[in-house]
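Participant: Heads up: the sequence lines are chains D and Y, in that order. Mapping to the UniProt record's numbering: the first sequence position 213 is 213, numbers consecutive. Mapping to the UniProt record's numbering: the second sequence position 399 is 399, numbers consecutive.
Hints were generated in silico from the structure; no laboratory data involved. Quantities reported herein were computed from a predicted structural model and do not represent experimental measurements. Please note that the accuracy of each hint is not assured.
Pairs count within a copy or across copies, as identical chains cannot be separated in the list.
[Said to hold, decoys possible] Pairs of lysine to aspartate or glutamate, DMTMM-like flavour, derived with a Cα cap of 20 Å:
no.	residue 1	residue 2
1	Lys383	Glu316
2	Lys417	Glu161
3	Lys232	Glu156
4	Lys384	Asp129
5	Lys162	Asp2
6	Lys417	Asp442
7	Lys123	Glu426
8	Lys31	Glu155
9	Lys485	Asp2
10	Lys292	Asp198
11	Lys415	Glu316
12	Lys195	Glu316
13	Lys123	Glu316
14	Lys205	Asp2
15	Lys282	Glu190
16	Lys272	Asp410
17	Lys384	Glu316
18	Lys355	Asp65
19	Lys123	Glu92
20	Lys489	Glu92
21	Lys489	Glu11
22	Lys205	Asp233
Spelled out from the first residue to the last, the chains are:
2 protein chains.
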Amino acid sequence: LDYQHVQVPFEITLWIMLASLAKIGFHLYNKLPSVVPESCLLIFVGLIMGGIIYGLNDRSPPVMDSDIFFLYLLPPIVLDAGYFMPSRPFFENIGTILLYAVVGTIWNVFGIGFSLYGICQVKAFRLQDVSLLHNLLFGSLIAAVDPVAVLAVFEEIHVNEKLHILVFGESLLNDAVTVVLYKLFRSFCEMPTIKSVDVFAGIGKFFVVGLGGVLVGLSFGFTAAFTTRFTKDIRVIEPLFVFLYSYLSYLTAEMFHLSGIVAIISCAMGMKRYVEANISLKSHTTVKYFMKMWSSVSDTLIFIFLGVSTIGENHEWNWPYICFTVIFCLIWRALGVLVLTFFVNRFHVNTITSKDQFIIAYGGLRGAICFSLVFLLPDFHRKKLFIAATTVVILFTVFIQGMTIRPLVDLLAVKRKRESAPTVGEQIHIRFLDHLLAGIEDISGHWGQYYWKDKLEYFNSKYLQKILLREYDQPKSSIVLLYEKLERKHAIELAQAGQLGHGPAHPSFLCSAFLCSSSDRTVITDQKLEDTLNPDVLDNMQEILARNLYRIRRTGPAYNRHTLPGDSEPTEQAKEILILRHKSL
Amino acid sequence: LDYQHVQVPFEITLWIMLASLAKIGFHLYNKLPSVVPESCLLIFVGLIMGGIIYGLNDRSPPVMDSDIFFLYLLPPIVLDAGYFMPSRPFFENIGTILLYAVVGTIWNVFGIGFSLYGICQVKAFRLQDVSLLHNLLFGSLIAAVDPVAVLAVFEEIHVNEKLHILVFGESLLNDAVTVVLYKLFRSFCEMPTIKSVDVFAGIGKFFVVGLGGVLVGLSFGFTAAFTTRFTKDIRVIEPLFVFLYSYLSYLTAEMFHLSGIVAIISCAMGMKRYVEANISLKSHTTVKYFMKMWSSVSDTLIFIFLGVSTIGENHEWNWPYICFTVIFCLIWRALGVLVLTFFVNRFHVNTITSKDQFIIAYGGLRGAICFSLVFLLPDFHRKKLFIAATTVVILFTVFIQGMTIRPLVDLLAVKRKRESAPTVGEQIHIRFLDHLLAGIEDISGHWGQYYWKDKLEYFNSKYLQKILLREYDQPKSSIVLLYEKLERKHAIELAQAGQLGHGPAHPSFLCSAFLCSSSDRTVITDQKLEDTLNPDVLDNMQEILARNLYRIRRTGPAYNRHTLPGDSEPTEQAKEILILRHKSL
């Protein structure tokens, strides 16, 4: 037996296996996950395992290594989050999200830090040796909402899209603030005296860390898109580039002390639409599947490790400090959300209701990021107290808040996510309104959201697409895509029923070169369509579309602010109409 | 800048990126890969990189770590090879393959070892300090044909299936022999005296190492299949199990000093058909894609590292020893193939031609396994000579033999792989003959290949499938599958041409529960079908099938040795015929 030799990969594989089997186990009993969030169950499994290890070895089980967490476990989850981020609600609410992420986090850090410092001044608590700086340092790591924990809980409770993106977007983007404040206070702790220059340098760093992350991410994202232009002959390594470039963007950002999370999210969002257009359908399935798989495994491992690491002798218990930490975390977050939302609502027509505010405040879960940061603290005599307080806050938010948030959402009747995909009519209206608003903003000289979106779209279609896409096509309107989907679905149904007429196909009539290339890409959303629409409505729609979509199939969107519609070829159109009429008679 | 922190993942990612970009680069210039095998180009890239590192640092570039090779780079390639192994030709030629792999390798080891010892006795060569045991040890590592190198070259030259499986199967299965002999001689080198017991123990080890590998592999494979029975609600981690279990089988086998390669191959071959039936189509695409991607990256990295590691000061040059090593490798392999084939041909009707024999002998490429093994040797004063000789043999076989084998195959007009998939008629005939031969063997009391295959199939359908498959269905005959494929293809074509009639579908007539489940799985081979058959033939076939396949769609194969055909329900059949007639009128 030669265990030494294979130890590292063997143990990693076993941990992943354990995580996957635990996941299967939970899903075998359907009732359990509907009451308790998976994250709680996983932490519970971790606690049991930690207890077993502790009992058998009689020493603390291994603590989750912060390096492993930040370098290997966190990136897949953030990549998945960035890649599947719904970009429309994200950019529509970017202002609010940034306000929560930046101002809100700073508010929380200083609020929690100063008020804990106040607690430390009470002589009875025996905490007078904890300095203000240490409290602020603790505040900076405990204040940040954790994307992994938020995602795990909010994916199960299905609140409306805007609420979801507000909490989730905040948890992602506050990374830049957390990184800066945490490093700032940590270096202040080690400095003998603090000059005011340092404080200003710290404020300057916000922008460097955040914007630097965005820049690093976007440049890697565009490079990835550009690379996939050349993979036509070697489809099999296409998915690799998506993972490699986004991981590189994360590592590069971390290397330069920028925000890795922000970098990987911008990389994923930047490359997505171009990569998807360049790579084959099967590569795309692989990318999506593997991303989901990887993030789901990482997520599972993180919660299990969190449980395992909780057991042990790292903790120093001090009732007042720990209780007040939990209370201050709740109070300052609630206050912050109230105050910030008050300002946000003054500038928006579509306001955030008080129910939504409650869920935003209540959904501020803490997780593995805090946990890893507290272990990264330099050794000082109260580190174990901080570890204990952090553990309690995490367990409190994940267990108590995570388990009660679903009943609360039910009780408050918070607006849920709509179950159905937007109808064709809605899609057309949304697009029409976008154009209209962009036009209004253009005329009135107001450089708002729609104006910039329109400019970006113009820049994209004029330059980016030509550089980054292998085959540059006019984008097709969603109504044409829908028609193609319906036709294909209907055909497959007929084939399965054995009802197809066996007349030979007319290859002359195929506009397949045009249809096939894009149709491949649209199949992937078929499932959603099937689930959401009534079959009668579908049949009806298909018939109307079949009779009326002659030329539109070839021209793409009929209205485009930046291009003139192409010259139509009347003879071909006439021929097509003739053939269709002939068929329908 | 904090490079230390991210160094490990950053450098790994960069190496993989380099490998992938090199692959893209070669494929951009289409002419290059058609002349020079990719493996040569990659070694060349590695040589250049090694030269650059050597020039810049003025010391030897890092040598490929044997642990990295055996634990991380080799398993994906072997897994890919085992998973996509064509099982029919493999099992048809298993006897011949085993003969080449076991007897042939032993022959080569002792032939090369003893004759090199003879060379060492020549005083002029100054090699008298190399003992017989050291020569045999060297023989044991240089004799084994390398699966990675063979696969890289044979995948490009497209020889016929039998020839391919003979060389490739040998290269995979000789791992057990190599492991045993290498470890045996290495321990002999360190022992003061060798008893005859040790020699017999060594011979006994063959069976333990080989059969133990098979057992470990199969048990992990069946566990994997069993696990995927329960993943219905959590599709997203299905692909993970395929990778985790096969990797665990490899590591477990290595841990117990069994043959990891044999284990992972049996695991992959054992789980394939059950896992494929259990997991969803998208999971399956992901598994296939990721396996190919991973093995292709590993393969690329291995050849690049091989090139990099060649540069440096690890070599001790001795013309006679190195030249004679190359010559003996060629001669003993050629002799071995001739002798063994002579015996094989006496027992087979379908003989191995002399052209085939030449290609088998000439295709005995050496690669990274030898290279890693030679670096794993215990330190002794002639290790650098062995390293130099191994490097030369690898470069000689990969460059000279690898580059000339394609012209030689052309020149000798070696029978190529048939480009088209077998026709339906052929498939039916093959299956019919299998049954017939199994019956003949059964009657004549001869327990041959077909008898055992039939027994295995019986055991499989009676026990294994019921335990390992989630939904246990009667297997469908390939002709029904073909019909379904054609129908679906036709329907999609019609939909793309916009020619579908818009009558509502008859859901009452759908036997979809039956058809859908399997149809998903067959889509994946559609591409092949399209490429190989004439459209007219297809239409014709489809029409004949449509008129005649009434009930067969529900009963599965009409003839089965172990089950009686189920009772047909005449009313339903009549109804179906009626409906079809009605449609055709």
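Participant: Now look at each hint and say whether the structure bears it out.
Facilitator: Hint-by-hint comparison with the structure:
For the homomeric pair Lys383 and Glu316, the shortest alpha-carbon distance inside one copy (8 Å) is at most 20 Å, but the shortest distance between copies (56 Å) is not. Proximity of Lys417 to Glu161 under the C-alpha cut-off of 20 Å is restricted to the intra-copy arrangement: shortest distance 6 Å within a copy versus 55 Å between copies. Taking the shortest Cα distances, Lys232 and Glu156 sit within 20 Å of each other only across copies (18 Å), while inside one copy they are farther apart (39 Å). Only within a single protomer do Lys384 and Asp129 lie at most 20 Å apart by alpha-carbon distance; the minimum there is 14 Å, versus 63 Å between protomers.
Proximity of Lys162 to Asp2 under the C-alpha cut-off of 20 Å is found in neither arrangement, the shortest distances being 55 Å within a copy and 38 Å between copies. In this assembly of identical chains, the alpha carbons of Lys417 and Asp442 never lie at most 20 Å apart, being 33 Å within a copy and 65 Å across copies at closest. In the homo-oligomer, the alpha carbons of Lys123 and Glu426 never lie at most 20 Å apart, since the shortest distance is 63 Å inside one protomer and 92 Å across protomers. For the homomeric pair Lys31 and Glu155, the shortest alpha-carbon distance inside one copy (17 Å) is at most 20 Å, but the shortest distance between copies (51 Å) is not.
Taking CA atoms no more than 20 Å apart as the test, Lys485 paired with Asp2 passes in neither setting, with 56 Å inside one copy and 50 Å between copies. Within a single copy, Lys292 and Asp198 get their C-alpha atoms no closer than 42 Å, and across copies no closer than 52 Å, so neither meets the 20 Å cut-off. Taking CA atoms no more than 20 Å apart as the test, Lys415 paired with Glu316 passes in neither setting, with 42 Å inside one copy and 77 Å between copies. Within a single copy, Lys195 and Glu316 get their C-alpha atoms no closer than 33 Å, and across copies no closer than 62 Å, so neither meets the 20 Å cut-off.
With identical chains, the CA atoms of Lys123 and Glu316 are at most 20 Å apart within one copy only, with a shortest distance of 18 Å there and 76 Å across copies. Taking the shortest alpha-carbon separations for Lys205 and Asp2, only the inter-copy value of 16 Å comes in at or below 20 Å, while the best intra-copy value is 50 Å. Taking the shortest Cα distances, Lys282 and Glu190 never come within 20 Å of each other, neither inside one copy (53 Å) nor across copies (53 Å). For a Cα distance limit of 20 Å, the shortest separation of Lys272 from Asp410 qualifies neither inside one copy, at 35 Å, nor across copies, at 45 Å.
Only within a single protomer do Lys384 and Glu316 lie at most 20 Å apart by alpha-carbon distance; the minimum there is 5 Å, versus 57 Å between protomers. For the homomeric pair Lys355 and Asp65, neither the shortest alpha-carbon distance inside one copy (39 Å) nor that between copies (59 Å) is at most 20 Å. Taking the shortest alpha-carbon separations for Lys123 and Glu92, neither the intra-copy value of 49 Å nor the inter-copy value of 85 Å comes in at or below 20 Å. When the C-alpha separation of Lys489 and Glu92 is checked against a cutoff of 20 Å, the pair qualifies neither within a copy, at 34 Å, nor between copies, at 42 Å.
Taking the closest pair of Cα atoms, Lys489 and Glu11 never come within 20 Å of each other, the shortest separation being 46 Å inside a single copy and 47 Å across copies. Proximity of Lys205 and Asp233 under a CA criterion of 20 Å is satisfied in neither setting, with 44 Å inside one chain copy and 46 Å between copies.
In this structure, the hints that do not hold are numbers 5, 6, 7, 9, 10, 11, 12, 15, 16, 18, 19, 20, 21, 22, in rising order.
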